[in-house]
Amino acid sequence: MAQTAQVEIKDAWARATPGKAENGAAYLTIQSPVADRLVGVFSPVAKKAGLHTMTMEGSVMKMRPLGGVDLPANQPVALKPGGMHIMLEGLNEPLQAGKSFPLTLNLEKAGQKQVEVTVEKAGAAGPGGQAGTDMPMPAKR
Amino acid sequence: MASRPANPRTPPRFALVAIVFAGVLVIAAGVLLALALRETPRGAAGTALASAIGGQFQLIDQNGKPFSDANLKGKWHLIFFGYTHCPDACPTALNEMSLALDRLGIKRDEVGVVFITVDPERDTPDVLKSYVQSFDAPIVALTGSPEAVAQAAKAYRVFYAKHPRADGDYDMDHSAVIYVMNPEGRFTATFTPDSSADAIVQRLQKLIS
Ligand SMILES: [Cu+2]
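Going down the list, the sequences are from chains E and H. Those letters in the first sequence? Residues 147 to 287, per the working numbering, in order. Those letters in the second sequence? Residues 157 to 365, per the working numbering, in order.
Careful, some of the hints might be misleading.
[Claimed, not checked] For lysine-lysine, the following DSS-like pairs were computed, each having C-alpha atoms within a straight-line distance of at most 25 Å:
| hint | chain 1 | residue 1 | chain 2 | residue 2 |
| --- | --- | --- | --- | --- |
| 1 | H | K231 | E | K208 |
| 2 | H | K231 | H | K263 |
| 3 | E | K193 | H | K285 |
| 4 | H | K285 | E | K245 |
[Unchecked claim] Some chain E residues close to chain H (C-beta under 10 Å, calculated; not the full set):
| hint | residue |
| --- | --- |
| 5 | P164 |
| 6 | A167 |
| 7 | G170 |
| 8 | G196 |
| 9 | H198 |
| 10 | E203 |
| 11 | S205 |
| 12 | V206 |
| 13 | P218 |
| 14 | A219 |
| 15 | P227 |
| 16 | L234 |
| 17 | E235 |
| 18 | A271 |
[Unchecked claim] Beyond 10 Å from chain H on every Cβ pair, some chain E residues (computed):
| hint | residue |
| --- | --- |
| 19 | A171 |
| 20 | R183 |
| 21 | G186 |
| 22 | K259 |
| 23 | V261 |
Rather than coming from a laboratory, the hints here were simulated on the basis of the structure. No experiment lies behind these values; they were computed from the predicted model shown. Beta carbons are placed, not taken as given, at the ideal position from N, Cα and C, and that holds for glycine.
Assemble the whole structure, with the sequences as input and the hints as a guide.
Next comes the structure, spelled out in structure tokens:
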């Protein structure tokens, strides 16, 4: 059975948002069989969705929009806390733990991919209900 | 290389970076203090610095009640500057702080968590109230006029700046340091915003005892 390698999207999750917080962040791991580029995101839960990165310059935290995320062939690229994230701006309602929502990824070559994002509790540091302190600290640059 | 019994959650290299970083902060604070004392005539308005970090501020909490540096006395405090539109590092830091507080057990009442917004334009008391309510521990969230917030940030040597985006919205760049203030209201230690609740608890337990 011939099988075409597919773009693989794993562990799509978001953290429950506090109160009426307007913004949230979603994370996932994506791997493409060929070099590709993630150029856009869309979700019905927010007015706007975009690719962002969080960096520390000394002790100053900066968040910046990204034009895209390069996906080298067969290499998993992780969007995770303390690094790149999918920014959900102007949430229509708070992201609640236990729920999920659809997210569409726009790839230059592979086109549109849909994924379901699981909302973890506010203290989660990763998908699958991992408690915040059970995860290693984000890598330092 | 001989391995030492490192905390599995704290890779030695990270620990080293943290120590160096803390050292740099202390040195920087010392330099700032020296400069402030040298360049400003003693007794000039509000410059009698007890310490390089911490000082007078006059803000309001999430219930609209005044909250000043005087309210920090009599209890240990973790102080963190951030903004509610920040989707990643700010909620993470607040969450680890509130988990840490919880794990302090009977000593939890000896430590307060204070979140000071660097985005007073959007972070009104109401916004802050609903925001901090979702964390497990009681958090005091402070805002005020842009000038009052600037004064608080200055007291804590916190840098912040609006970073406009092409779409007309903006993000805030800001110093992301968790300050530990002792019951006399004096600066005692710092944590990086990605510190785990366990790391915070361990340190706090030593400080408080
Ligand atoms: Cu963002």
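Evaluated hints:
| no. | hint | in the structure |
| --- | --- | --- |
| 1 | K231/H with K208/E | violated (31 Å) |
| 2 | K231/H with K263/H | holds (11 Å) |
| 3 | K193/E with K285/H | holds (23 Å) |
| 4 | K285/H with K245/E | holds (24 Å) |
| 5 | P164 | holds (4 Å) |
| 6 | A167 | holds (6 Å) |
| 7 | G170 | holds (5 Å) |
| 8 | G196 | holds (9 Å) |
| 9 | H198 | holds (8 Å) |
| 10 | E203 | holds (8 Å) |
| 11 | S205 | holds (5 Å) |
| 12 | V206 | holds (5 Å) |
| 13 | P218 | violated (24 Å) |
| 14 | A219 | violated (28 Å) |
| 15 | P227 | holds (6 Å) |
| 16 | L234 | holds (7 Å) |
| 17 | E235 | holds (7 Å) |
| 18 | A271 | holds (8 Å) |
| 19 | A171 | violated (4 Å) |
| 20 | R183 | holds (20 Å) |
| 21 | G186 | holds (14 Å) |
| 22 | K259 | holds (22 Å) |
| 23 | V261 | holds (18 Å) |
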